[in-house]
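**Student:** Spelled out, the chains give:
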Amino acid sequence: MDWGTLIATTIAAFITLAIFSFLYKDNPFYKFAEHMAVGLSAGYWVLILFHNVAIPNVYQRLMDGQWWYIFPTILGALMWTRFSRKASWISRYPLAFYIGIATGVAIPLEMRAKVIEQLNGTVGLIEYWRSPGALFLTSFNNTLILVGVVAGLVYFFFSKEHKGVTGVTAKFGIGVLMIGFGAAFGFTVMARISLLIQRVQFLFFDWLHWY
Amino acid sequence: MGMFERLMALDRRWVYLILGLAVMAGVKARIIIPIPISQEARRIHGFVDSLQAGDAIHLAMDYDPSVMAELQPMTLAFLKQCFEKRIRVVVSSLHQFGPALAAGALDTAVARHFERTGERIENGVDYVFLGYKPYPALIILGMGQNYRIPFPNDYYNVPLDDLPMMRDIKNYDDVKAVINISGTSATDWWISYGNGRYGIPLAIGVTGVMATDYYPYLQTGQIFGILGGLEGAAQYEMLVNTPGPAVEGMSVQMIAHAIIILFIIVGNVAYFARRKSLPQGSGSV
Chain H
1 MDWGTLIATT
11 IAAFITLAIF
21 SFLYKDNPFY
31 KFAEHMAVGL
41 SAGYWVLILF
51 HNVAIPNVYQ
61 RLMDGQWWYI
71 FPTILGALMW
81 TRFSRKASWI
91 SRYPLAFYIG
101 IATGVAIPLE
111 MRAKVIEQLN
121 GTVGLIEYWR
131 SPGALFLTSF
141 NNTLILVGVV
151 AGLVYFFFSK
161 EHKGVTGVTA
171 KFGIGVLMIG
181 FGAAFGFTVM
191 ARISLLIQRV
201 QFLFFDWLHW
211 Y
Chain V
1 MGMFERLMAL
11 DRRWVYLILG
21 LAVMAGVKAR
31 IIIPIPISQE
41 ARRIHGFVDS
51 LQAGDAIHLA
61 MDYDPSVMAE
71 LQPMTLAFLK
81 QCFEKRIRVV
91 VSSLHQFGPA
101 LAAGALDTAV
111 ARHFERTGER
121 IENGVDYVFL
131 GYKPYPALII
141 LGMGQNYRIP
151 FPNDYYNVPL
161 DDLPMMRDIK
171 NYDDVKAVIN
181 ISGTSATDWW
191 ISYGNGRYGI
201 PLAIGVTGVM
211 ATDYYPYLQT
221 GQIFGILGGL
231 EGAAQYEMLV
241 NTPGPAVEGM
251 SVQMIAHAII
261 ILFIIVGNVA
271 YFARRKSLPQ
281 GSGSV
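Chains H and V, in that order, give the protein sequences.
Each residue of the first sequence is one higher than the one before, starting from 1 at the first, in my numbering.
Each residue of the second sequence is one higher than the one before, starting from 1 at the first, in my numbering.
One thing to keep in mind: the hints can contain errors.
Facing chain V, according to a computed beta carbon distance under 7 Å, are these residues of chain H, among others [stated by the list, open to error]:
{"id": "1", "residue": "L23"}
{"id": "2", "residue": "N52"}
{"id": "3", "residue": "E117"}
{"id": "4", "residue": "T188"}
{"id": "5", "residue": "A191"}
{"id": "6", "residue": "L195"}
{"id": "7", "residue": "V200"}
{"id": "8", "residue": "Q201"}
Straight-line distance between alpha carbons at most 25 Å, and here's what the computed SDA-like set of lysine to any residue pairs gives [claimed, not checked]:
{"id": "9", "chain 1": "H", "residue 1": "K171", "chain 2": "V", "residue 2": "P216"}
{"id": "10", "chain 1": "V", "residue 1": "K28", "chain 2": "H", "residue 2": "V147"}
{"id": "11", "chain 1": "V", "residue 1": "K85", "chain 2": "V", "residue 2": "P65"}
{"id": "12", "chain 1": "H", "residue 1": "K25", "chain 2": "V", "residue 2": "A25"}
{"id": "13", "chain 1": "V", "residue 1": "K170", "chain 2": "H", "residue 2": "Q66"}
{"id": "14", "chain 1": "V", "residue 1": "K28", "chain 2": "H", "residue 2": "A13"}
{"id": "15", "chain 1": "H", "residue 1": "K25", "chain 2": "V", "residue 2": "I18"}
{"id": "16", "chain 1": "H", "residue 1": "K114", "chain 2": "H", "residue 2": "Y24"}
{"id": "17", "chain 1": "V", "residue 1": "K28", "chain 2": "H", "residue 2": "I19"}
{"id": "18", "chain 1": "H", "residue 1": "K163", "chain 2": "H", "residue 2": "V176"}
{"id": "19", "chain 1": "H", "residue 1": "K163", "chain 2": "H", "residue 2": "A184"}
{"id": "20", "chain 1": "V", "residue 1": "K28", "chain 2": "H", "residue 2": "K114"}
{"id": "21", "chain 1": "H", "residue 1": "K171", "chain 2": "V", "residue 2": "Y215"}
{"id": "22", "chain 1": "H", "residue 1": "K25", "chain 2": "V", "residue 2": "R12"}
{"id": "23", "chain 1": "H", "residue 1": "K25", "chain 2": "V", "residue 2": "A9"}
{"id": "24", "chain 1": "V", "residue 1": "K80", "chain 2": "V", "residue 2": "D173"}
Please keep in mind that the hints were generated in silico from the structure rather than gathered at the bench.
C-beta atoms are modelled at their ideal positions from N, C-alpha and C, and glycine is treated no differently.
With the hints as extra help, turn the sequences into a complete structure.
**Tutor:** Pasting the structure below:
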């Protein structure tokens, strides 16, 4: 291992251990590592934005004679007026422009991807029962999804007291939600343990070379 | 103080210590356990396997170092498959802390491919790394029209038109699919704008925390495959016949999960036993 790699991995190992030290209690090593991560992240982002966006997408394009890029550049620059109490109202113009475009683009596409397609996927499942070749298990699963969605929605329907049929459906709905939360919790535990495993693998194999 | 009281009052640092020691022992033991492969993982592998040499695919690496434990092994396994099949890869990173990780993953995958086969994988010919731009939704829409709109140059500041690989790649019509490996909401943008607007076939590799949120999109066909967390990464490592850190990590997961389940059972038993032993109406335990 060359000296550069050794120094880099040792610094990374020190930062890892400093962060883990918080599990015992808050301490200056943890604070140092935390503040350094915040500072480095901000600095890194500024540089990435400058080199990957400001230079190729603004400066080079203007230099190449694509003069119309001056308009979004001016709009972007006007956002900086937010730092002045007197001139901050100017920043509302680029902001309004951005919100207008983003809303116009987002609403139809988000509606389609997140609502229409999902509704279609849920209600369209009934078609499986009509298909003579549909497997029993597939049809059962699809029906379970449909019933689960409806029951889950009923649980959040507060205009009617949860008694009788509504109460039973809502109870089934909360059960479905709990199963969903349980699956999400299981995945979350796996994710968190994965992070610990990777750090231990780094400390043992990359830093200590303790195979 | 009875046993149950002592258990309920146990300092949480003991739990951290036991779990930490178990994970260390598991990592050191380097046990490989069988990894069952899911249909969702097989579909992604099968799709890439069905492509011809020279076909192009878009790999969107939208994650930062905080989730690289789960996602970097996925990326490396996927790149291995692409490079072995000589599939050209357009790589982007729509997370501000992603570009360095993406560049590192590409370098590692290229070096490993050379070690294994002796073949050189060249930047600009076999893969292109576009780098990072902010506002994922707008960038995804822009790339759908022409990669050159948001990315006039690649990450190394070379104009896209000067890269041999990009000569016949204008937009999503020229790539077979997008594989989004993500630890952020960029996956939502790819579903809504990449698949929703342009109809590009989409598969995703996400962190364990995110996985359950995206299964509904699999059922509706908006994505054709999903890799969830370290388990998904381990499955893909097995599919490309290169067991690596993810596969090794799954045996450690098994140990850690067993301990967590044990703690949950003991904690619940202690909680209910203590509650039963208290006089009725004594309030919260």
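**Student:** All hints are to be evaluated individually against the structure, with a verdict given for each.
**Tutor:** Taking the hints in turn, this is what the structure says about them:
1. A least Cβ separation of about 5 Å between L23 (chain H) and chain V falls short of the 7 Å threshold, and the interface hint therefore holds.
2. With 7 Å as the threshold, the beta carbon of N52 (chain H) comes within range of chain V, its nearest partner Cβ sitting at about 5 Å, so the hint holds.
3. Among the interface hints, the one on E117 (chain H) holds; its C-beta lies about 5 Å from the nearest C-beta in chain V, closer than the 7 Å criterion.
4. For T188 (chain H), the suggested interface contact is upheld, since its CB lies about 5 Å from the closest CB of chain V, less than 7 Å.
5. For A191 (chain H), the suggested interface contact is upheld, since its CB lies about 3 Å from the closest CB of chain V, less than 7 Å.
6. The closest approach between the C-beta of L195 (chain H) and any C-beta of chain V is roughly 5 Å, which is under the 7 Å cut-off, so the hint is satisfied.
7. At its closest, the beta carbon of V200 (chain H) sits 5 Å from a beta carbon of chain V; the interface hint therefore holds under the 7 Å criterion.
8. Taken as an interface hint, Q201 (chain H) checks out: its beta carbon lies about 6 Å from the nearest beta carbon of chain V, inside 7 Å.
9. Only pairs whose Cα atoms come within 25 Å are accepted, and K171 (chain H) paired with P216 (chain V) is accepted, the gap being roughly 22 Å.
10. At most 25 Å may separate the alpha-carbon atoms for a hinted pair to count; K28 (chain V) and V147 (chain H) exceed this at roughly 47 Å.
11. Distance restraint check for K85 (chain V) and P65 (chain V): the Cα-Cα separation of roughly 28 Å exceeds the 25 Å cut-off, and the hinted pair is therefore not satisfied.
12. The hinted pair formed by K25 (chain H) and A25 (chain V) meets the criterion: a straight-line CA distance of about 24 Å does not exceed 25 Å.
13. Distance hint between K170 (chain V) and Q66 (chain H) is fulfilled; the C-alpha atoms sit about 20 Å from each other, no more than 25 Å.
14. Between K28 (chain V) and A13 (chain H) the alpha-carbon distance is near 17 Å, which keeps this suggested pair within the 25 Å criterion.
15. Our distance criterion of 25 Å between C-alpha atoms is met by K25 (chain H) and I18 (chain V), whose separation comes to about 17 Å.
16. Proposed proximity of K114 (chain H) and Y24 (chain H) is contradicted: the alpha carbons are some 43 Å apart, above 25 Å.
17. Pair hint K28 (chain V) plus I19 (chain H) holds up; C-alpha atoms about 22 Å apart against a cutoff of 25 Å.
18. At most 25 Å may separate the alpha-carbon atoms for a hinted pair to count; K163 (chain H) and V176 (chain H) meet this at roughly 18 Å.
19. Taking the CA atoms of K163 (chain H) and A184 (chain H), the gap is near 29 Å; set against the 25 Å cutoff, the hint is violated.
20. This hinted pair does not check out: K28 (chain V) and K114 (chain H) have alpha carbons roughly 44 Å apart, beyond 25 Å.
21. Using a Cα cut-off of 25 Å, the hinted pair K171 (chain H) and Y215 (chain V) holds, with the two alpha carbons roughly 24 Å apart.
22. A hinted pair counts as satisfied when its Cα atoms are at most 25 Å apart, and K25 (chain H) with R12 (chain V) qualifies at roughly 11 Å.
23. For the proposed pair K25 (chain H) and A9 (chain V), the alpha carbon gap of about 17 Å is at most 25 Å, so the pair holds.
24. With a CA separation close to 24 Å, the supplied pair K80 (chain V) and D173 (chain V) stays within the 25 Å bound.
Hint compliance for this structure: hints 10, 11, 16, 19, 20 are broken, all remaining hints hold.
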